[in-house]
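Trainee: So you can see what is in the structure, the chains are spelled out below.
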Amino acid sequence: MNWLLVIVGAAVGAPLRYLTDRAVQARHDTVFPWGTFAVNVSGSLVLGLLTGAVAAGAASSQLQLLVGTGFCGALTTYSTFSYETLRLAESGAAFYAVMNAAGSVAAGLGSAFTGWAIAQALWV
Amino acid sequence: MIAVVALGGILGACARYAIALAHPLPADGFPWPTLLINVVGCAVIGAFMTVLTEVWRAHRLVRPFFGTGVLGGFTTFSTYAVDIQRLMLAGRAPAALGYLAATLLAAMAAVWAGATAARLVIGRRTR
Numbered sequence: 001m002n003w004l005l006v007i008v009g010a011a012v013g014a015p016l017r018y019l020t021d022r023a024v025q026a027r028h029d030t031v032f033p034w035g036t037f038a039v040n041v042s043g044s045l046v047l048g049l050l051t052g053a054v055a056a057g058a059a060s061s062q063l064q065l066l067v068g069t070g071f072c073g074a075l076t077t078y079s080t081f082s083y084e085t086l087r088l089a090e091s092g093a094a095f096y097a098v099m100n101a102a103g104s105v106a107a108g109l110g111s112a113f114t115g116w117a118i119a120q121a122l123w124v
Numbered sequence: 001m002i003a004v005v006a007l008g009g010i011l012g013a014c015a016r017y018a019i020a021l022a023h024p025l026p027a028d029g030f031p032w033p034t035l036l037i038n039v040v041g042c043a044v045i046g047a048f049m050t051v052l053t054e055v056w057r058a059h060r061l062v063r064p065f066f067g068t069g070v071l072g073g074f075t076t077f078s079t080y081a082v083d084i085q086r087l088m089l090a091g092r093a094p095a096a097l098g099y100l101a102a103t104l105l106a107a108m109a110a111v112w113a114g115a116t117a118a119r120l121v122i123g124r125r126t127r
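Chains as they are written, first to last, in full-length UniProt numbering: chain A, 1 to 124; chain B, 1 to 127.
No lab work stands behind these hints: they were computed from the structure. Mixed in with the good hints, there may be bad ones.
[Said to hold, decoys possible] A short, non-exhaustive set of chain B residues, derived as facing chain A with CB atoms under 8 Å:
hint : residue
1    : Cys-14
2    : His-59
3    : Val-62
4    : Pro-64
5    : Thr-68
6    : Thr-75
7    : Ser-78
8    : Thr-79
9    : Gln-85
10   : Leu-97
11   : Gly-98
12   : Leu-100
13   : Ala-107
Ideal placement from N, C-alpha and C gives every residue a C-beta, glycine not left out.
Required output: the full structure, derived from the provided sequences and hints.
Mentor: Pasting the structure below:
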């Protein structure tokens, strides 16, 4: 059952990342990888909210596996993030590479804390 | 295309879950498993994408299946962010900052090393 929850979550999260990236990348013409940035930041928000809900006793460990390990884990990516940062650095866009790395970490962490704070406000 | 990404994502996420099951962490533990998962995934994507863009005329589903699906599902940014937050909330600020920096630096070094290693191998083969 636990494996099934992870599988179902990942089966939704990975295609949603692919579709979001395509949609976002089609809507701007800068070299900045906004698509991956968007999924990583929104996935961190959802996981922060979920972790807060679990800590407050408002969400089950099953939901943690489905939405956390499965969905958020597959929706967000470190490999594409690092590869796109490398591509920026190698193509001479060093400033964008640093902005992508620092900006993704700062925004991801900020949204994780925001999600946690929302959970605190709702369930504690 | 969507199905191929989903299948790859399932395989990657299940591999990540299997590692998490094999290495359970205490609530304030340092997240070594996630750090290693992300660094290994970055090394592999560096090599994979270099081979794919520079020599291998792969089937059009190879990149969505393995790069977007398997590696994307295996590595995770959300767990990274929440792990940093968890360490901070547990009062382990130095560990949180160490984990933040170590993952980022090791991941960038790994993707570069993967790409560089692949270029060395490609160069040797085509010469």
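Trainee: Looking back at the hints listed earlier, which ones does the structure fail to meet?
Mentor: 2, 3, 10, 11
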